[in-house]
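Enquirer: Chain residues, written in single-letter form:
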Amino acid sequence: MAQPRASRRQIALKTPSAQKTERSAYLFILPAFAFVGALSYYPAIRALVGAFTSWNGVSAAHWVGLANFVAAFHSGEFGASVVHILIWAAIGIPLGLVPSFLVAEAIFRLPSRRAQYWYRTFFILPVVLPGVVGILIWYFFYEPGGIVDTLLSALGFTKFAELPWLGDAHTALGSLIFMGFPWIGAFNLLIYYAGLQGIASEIFDAAAVDGCTWFQRIMRVDIPLLMAQTKLLLVLSVIGIGQILVQPLLMTNGGPGIDTTMTPVLFMYQQAIDYDQYGYSMGVAFILFFALMILTIINMKYFRTNANTPSNP
Amino acid sequence: MTQRRNAATTHVFLVTLGALTVYPMFFMVVNAMRSGLATATAPFGLPNHFDWMNFVYAWDGIASAFALTGWIEVVSVFVSLAIAVLAAYAFARMHFRGKTVLFTAMFALLVIPGFLTLIPLFLEIRDFNLLNTAWGLIFPYIAGGQAFAIFVLRSFIETIPEEMFEAARIDGANHWRMFLNFVVPLSVPMLITVGLLQVVGIYGDYVFPSLVLNSTQRTVSLAIANFTPPALAPNINAVNIQLAAFTLSAIPIAILFFALMKYFVNGMSSGALKM
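Those sequence lines, one after another, are chains A and B.
The first sequence stops at residue 319 when you use the numbering used here, and every number in between is there.
The second sequence stops at residue 277 when you use the numbering used here, and every number in between is there.
Since the hints were made in silico from the structure, they are not lab data.
Honestly, I wouldn't trust all of these hints.
[Claimed, not checked] Cβ pair distances, simulated, as ranges:
no.: 1; chain 1: B; residue 1: L182; chain 2: A; residue 2: A73; range: 53 to 61 Å
no.: 2; chain 1: B; residue 1: N237; chain 2: A; residue 2: I205; range: 53 to 61 Å
no.: 3; chain 1: A; residue 1: I205; chain 2: B; residue 2: V58; range: 50 to 58 Å
no.: 4; chain 1: A; residue 1: W124; chain 2: B; residue 2: N176; range: 42 to 50 Å
no.: 5; chain 1: A; residue 1: T127; chain 2: B; residue 2: E165; range: 32 to 40 Å
Predicted, not measured: the structure shown is a model, and the values here were computed from it.
Here a beta-carbon is modelled for each residue, glycine too, at the ideal position from N, C-alpha and C.
Full structure from sequences and hints, please.
Expert: And the structure:
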């Protein structure tokens, strides 16, 4: 069977058309590369080179070497933004992973496939909302006298029910981080659910025969076997949280007070758009880009060595 | 016995969390139909009479944004998929020098985060004199969709059985013929999946359009983020009219979601390939 296939293929390669293949291939890839060359590579290179210049966006840029990086590292604003994003990651990553995992577990345990299907559909329903809408609805929730206040006073926390959540320097950052309760992300949920489906049913049967409780099974079987999924979501969460911009831009614009909800990408945005400091802005983007890249590589390395225990395909 | 009790607990857990997850949507739809007074005095309440006029005013505020967004979506996604599937075919099925290097170069774009190119891309659009035009968004969206689409489509085209290509070659078909005759038709489900991801991504994009467009020309995301009710609308219902605009803005994606559910789920799982 294999022999005629191989020989036919060789014949095809030797015919003159094999020569033509080479040139027409470039025609096939040309449009794609024309677009990404002009509108992806070029701006990326411009960002990386612009990081070493001082430029107001209009007159000629001039080379300043490392001055933008020095300025960023001495800037209290940028420093504050880095602290905020570290807090955000420390709280936001568990919030992004744990509830989605638990819901995926609960759905997967249901004996009825039909029920599984409907719950899954129901939980991913919020993807139809444009991101801006999701954020602005929470803006209403946080307003004085809004849902959050009403709920808190109904529960007896009248002291907290008076707070202007987004307008108070002490609560604004926390309000942004905890937005989206109960934090079940459609994408994370589907990744964990697909991961559970990929585990061989014999393993679950064996666990049941051994008399595993559901808690033991989650701890000893599911979590170790879903390490690949967790690693993926962890990497994506670090990248996602590292470049948070829209939430503070729409809800607080970095305030209230001095930079209480500033994030690094919002800082980068404001330096360019509000203050015309394009070189400095690109310098900040440069720092952030390499920081995220290094974090991603560390993440992948660390988890590769640790995930050598039973992994799934 | 315990089995049944466990299942009941699971259902209670899922129903509670599910209700909380969709609550913002529920709040949006319900209060879009209420008056400002009702929302202020009983934020958790249900409508006792329906203020459909909220939707009329809301539509007035965002109708032109729908038209502009529709145009941008259709052109961007069709052109983007057309040129991506061409390149994907070449990477999957053709032999040429520099293939590995070029593919790696394309793949590398997946690790370039949006914020790095945001400002330079805006400056480039400004220099091309494309600010305040749909093209100022369409061209960057076409480019931005390439890496992921090519990556996914190439993997798919590689799974098309070699026998089909052999048979076509024996019949004297060239690459272009094979591409049009069976590669593109077989790729349709994958094209829908990738296209859906692009449609949803473009629809939700806020920051880049806010830089490229001004206040007279707006996409749906821009129009709802800076929503101002028409002058005639009753002031007390301003929030409700805004929520009605939010509700309207969710309808196009909701229709796609229910019509193409399977592709949505596939698409979100294939999003995992991004890394």
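Enquirer: If a hint holds in the structure, say so; if it does not, say that too.
Expert: Against the structure, the hints:
{"no.": "1", "hint": "B:L182 / A:A73: 53 to 61 Å", "in the structure": "holds, 55 Å"}
{"no.": "2", "hint": "B:N237 / A:I205: 53 to 61 Å", "in the structure": "holds, 57 Å"}
{"no.": "3", "hint": "A:I205 / B:V58: 50 to 58 Å", "in the structure": "holds, 52 Å"}
{"no.": "4", "hint": "A:W124 / B:N176: 42 to 50 Å", "in the structure": "holds, 49 Å"}
{"no.": "5", "hint": "A:T127 / B:E165: 32 to 40 Å", "in the structure": "holds, 38 Å"}
Violation of the numbered hints given earlier is absent; every hint is satisfied by the structure.
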